[in-house]
Amino acid sequence: MYSGLGFILRLRNSVSIISSNSSRLSSRKTALIYLPRLSSSSIVRDVRIENSISFINSVRSFCGYAVEQFSDDEYECDFENHKASSTIANIDDWKWKLSMLLRSEEDKEIISRDKRDRRDYEQISNLAKRMGLYCELYEKVVAASKVPLPNYRPDLDERRPQREVVIPLSLQRRVEGLLQEHLDRVQLNFGKIGDNSIDSVVSPTENVNPDDPDSFLDGSVMEKVLQRRSSKMRDFQRGWQESPEGKQMLEFRKSLPAHKEKNRLLTAIARNQVIVISGETGCGKTTQLPQYILESEIESGRGAFCSIICTQPRRISAMSVAERVSTERGEPLGESVGYKVRLEGVKGKNTHLLFCTSGILLRRLLSDRNLDGITHVFVDEIHERGMNEDFLLIVLKDLLPRRPDLRLILMSATLNAELFSNYFGGAPTIHIPGFTHPVRAHFLEDVLELTGYKLTSFNQVDDYGQDKLWKTQKQLLPRKKKNQITTLVEEALSRSSFESYSSRARDSLPCWTPDCIGFNLIEAVLCHICRKERPGAVLVFMTGWEDISCLRDQIKAHPLLGDPNRVLLLTCHGSMATSEQKLIFEKAPPNVRKIVLATNMAEASITINDIVFVVDCGKAKETTYDALNNTPCLLPSWISQASARQVQNAVDFLKMIGALDEKENLSNLGQFLSMLPVDPKLGKMLVMGAIFRCFDPVLTVVAGLSVRDPFLLPQDKKDLAGTAKSRFSAKDYSDHMALVRAYEGWKDAEREGSAYEYCWKNFLSAQTLQAIHSLRKQFNFILKDAGLLETESSKNNSLSHNQSLVRAVICSGLFPGIASVVHRESSMSFKTMDDGQVLLYANSVNARYQTIPYPWLVFREKVKVNTVFIRDSTGVSDSILILFGGSLTHGVSAGHLKMLEGYIDFFMDPSLAECFWALRKELDKLLQRKLKDPTLDIHKEGKYLMLSVQELVSADQCEGRFVFGRESKKVRETINEDRNRVSPHRKDGPNPKSLLQTLLMRAGHSPPKYKVKHLRTNEFRALVEFKAMQFVGKPKKNKQLAERDAAIEALAWLTHTSDNNRNGGDDSPPDITDNMSKLLGKCKKSKKS
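Numbering follows our numbering, in which position 57 of the sequence shown is assigned residue number 87; successive positions increment by one, without gaps.
Check before you lean on any hint, since a few could be wrong.
Straight-line C-alpha distance at most 20 angstroms; calculated PhoX-like pairs for lysine-lysine [stated by the list, open to error]: (1) Lys562 to Lys484; (2) Lys685 to Lys1069; (3) Lys377 to Lys262; (4) Lys1069 to Lys1041; (5) Lys1066 to Lys1039; (6) Lys1067 to Lys1043; (7) Lys807 to Lys777; (8) Lys791 to Lys814; (9) Lys125 to Lys138; (10) Lys693 to Lys427; (11) Lys484 to Lys427; (12) Lys973 to Lys951; (13) Lys748 to Lys814; (14) Lys973 to Lys955; (15) Lys125 to Lys159; (16) Lys277 to Lys292; (17) Lys379 to Lys262; (18) Lys127 to Lys138; (19) Lys145 to Lys170.
Because the hints were derived from the structure by calculation, they are not lab data.
Let the sequences and hints guide you as you build the complete structure.
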């Protein structure tokens, strides 16, 4: 909020149809969006155009380029036999198809693989939109639907991840032996284990300390102490309100819109356990509502019995709001009002109103799961929630039935309160209308008229400097397709005359470019304010740090704006230190104009008292959540009126990682996660690290991912910084292991007194490393307190040396963040379930490698900036993903396992699949026992099971391969048919070993090699190998039959065909299939060369 707002530059709501769906009111007072008037009688309204609308076309065009450059597809397939018809005839055909789709109640979409439809996609898409339908092009597939379509459809992707899993037979036998030993011991000790598991479960609520004197304090004595304290609080409050300063402050507070609703709000809070409050920024909800409750309780003589917690989305918000409220109460910060953020806080024993971040409240729930003594909880800015905030709402919802006296107040700057109301069982909603100060708005046409600035096609290009020359030049490239904003603005211009404006301003408007921020125009506006407008600070909203820094450099080079004697230039961004952010609240010296360049973080719950002018570029690079594509997006998008995200996204995710059961109650794992003030995924990683006794490296990873990246990336030394980070990777193919090594090196350097030199040499932030160190201590204490860590620290790290096990624990925490790694001749492609093709961030250690020997990358964060990028990643094997990833399901055929709702297919020998299935089942059961009873030593109780897990994840050399287009439903049927076709038991059937050798020799390859193992069951199992491929047969009575069975497996793969091509009976000769064609094709090519 901004006190003393007078003259403001802002956007006109020129495109009402775009914002008609929106309900979030901007928390900004102003916006300078370069849109013209619709007409002279247009109604001035606050505008924030829905996120991602303006950039949807540019994203699509860029993603098309990315797919073209990085797609795994190597050849086109013609899906139609007849010749392509004309475009006109094809569009007429689609008119009929789409009409029939609209009439049909059962059909939801049309899917086409016709080349003609890909050719005519743009026209088909426009036709569908005009008919109220949705249309998308997925590489070779055109889809039209009645409902919105995501950016990627895995079910339409013929090259989605399908993995043939292969491990050495000796490894499989060792794992099976250890697993069987575990099962035998479980069977023998079943009764005892069952009794122990039941008796050892102790409810956290039963842990009462009899030595605590407060437990035996006489209730009546405590009541009298609190009453006396309440009386003192009432006397102080009345004294302040009757003082001249207090009366002046009270008059100001009465001018806020929230004061008119005071009595109504207090009544609603008293009568309802949950209430949802919405109101425009500046109405006073954040600073006044908690005060109203505190003042009401104090005045009624219950002040000392009242304890209020108010969460804020950002550290700076919690600190600045607490400081403001304490000032309004006429007392120093830390008395009745305080704040607590990570590693910092000001509060005392008499603090009854505490502002804090969401993580702090989650931490409080560790030691006090019922929030005993807390009377009111405010969750502010719920429209800006992240995963932590969503998790907090879930935990609080779970708490409410146990604490019927607790009051929960949800506050938001959006009108869309119904979403949150429904989640809490139809909680009542109250809206506070009105702004704090009158606002005088100036729009693009007004700004051009005031400043005399003339727009051209070139002076709108933003200069990002020599290092970002590509970004500057990109603005000059013509668009293949106009985005929606451009189209609507052109329509608005055509309907408006702007007769009251000068010809210079009228000529400028058609030149406005929506893709540029407008550095030069902002500079002209700032010059106009400094030269001609009254005193007062200026707040400039930008999209992100890159734009802020480039504009700052441009302003510093200006003769007027760059003069430090006339202008105090400050910046505010979330990545800056708290001490630097606080500078924006300080007043400038006399006769010096303060200009603050900030992102939208400065709009939420922050009061900058001397702001008089606000210039808004009209865009905000916000991390929004694309629910349709399950992807966080960090895009410069037109500011919107509504950005509340659905709580259901968090619920589904928490179910996936095991924090909630099907009834949305906290699971055993969820109980531990609620104690940890971190992202639930990172919390799960911590818990698993403690259980698997590789705690120290996992502790560093979680602490590092909870703060800023310690690896610095100076613009002028990017290559050197990237090289330094790669040294820490040591070819581990893991950003997270690089972080561990960097921290351990820093600790060694600190002990030697050379920490500063170490950080300078390796481009590391000493401040961030110190924050990681502090968080490690905090997390260590929490896990010890929860009983998951042993008293003897060496036990907790007895397996920290096992890097494969550490990778497995990282995988368990970061899942479902999983990407497949498919190698091509000269590049790699990465694919996720929600986005299809993705790229690696340039500062990732894995982005520097030509090949990655792991088939999968697990990652914590992906972000959409034109295309989707993975920030940090770690390579993992098939075995790690199968054992520590998501839940498994059986496929139709034997040896087929599925994960992520069937997106990932694993094909393997049926016996190996059974081994994985049984191992995963037993591991999950053992982990559940441990979570129920933290005192259980699973390394003793499940010794052989834990050994089998370690053996498997450590020895898996990723020998499998990716296959594409494999039809799982027909695999078993095809193999059976091929087995019958070449069965050695048929009298007239050919010898499979001879047939396989003949096929390979004719193709110009070496004969196959056989390896036979004598099994404990006194049976034999054979493996046949050729062209770096291995095929394993089933156990047989003798070596000859075993080798034949292995040959049959190889022939089944080489000769299986589709049903359409299989016209003959069992006696027909083996068909030439795609697999065999590739084998023969490679040979022919090599011979020609």
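Can you confirm whether the C-alpha distance between Lys127 and Lys138 stays at or below 20 angstroms? 12 angstroms, holds
Within a Cα-Cα threshold of 20 angstroms, do Lys973 and Lys951 meet the stated pairing? Satisfied, since the Cα-Cα distance of roughly 16 angstroms is no more than 20 angstroms.
Pairwise hint evaluation, Lys262 against Lys379, where the allowed Cα distance is 20 angstroms at most: Roughly 15 angstroms separates the two Cα atoms, so the pair holds.
Given the hinted pair Lys125 and Lys138, is their alpha-carbon gap at most 20 angstroms? 16 angstroms, holds
Are the Cα positions of Lys807 and Lys777 separated by 20 angstroms at most? Holds, at about 14 angstroms.
Given the proposed pairing of Lys125 with Lys159, does the C-alpha separation stay at or below 20 angstroms? It holds: about 12 angstroms lies between the C-alpha atoms, which stays within 20 angstroms.
Sort out whether Lys1039 lies within 20 angstroms of Lys1066, counting only the CA atoms. 18 angstroms, holds
Check whether the Cα positions of Lys562 and Lys484 lie no farther apart than 20 angstroms. 19 angstroms, holds
Assess, step by step, whether the Cα of Lys277 is no farther than 20 angstroms from the Cα of Lys292, and give holds or violated. 18 angstroms, holds
Just to be careful, I want the Cα atoms of Lys791 and Lys814 compared with a cutoff of 20 angstroms; is the pair within it? 36 angstroms, violated
Quick one, are Lys685 and Lys1069 close enough, alpha carbons at most 20 angstroms? 49 angstroms, violated
Hint consistency between Lys693 and Lys427 [alpha-carbon to alpha-carbon, up to 20 angstroms]: 13 angstroms, holds
Going through the hint list in order, the structure does not satisfy hints 2, 8, 11, 13.
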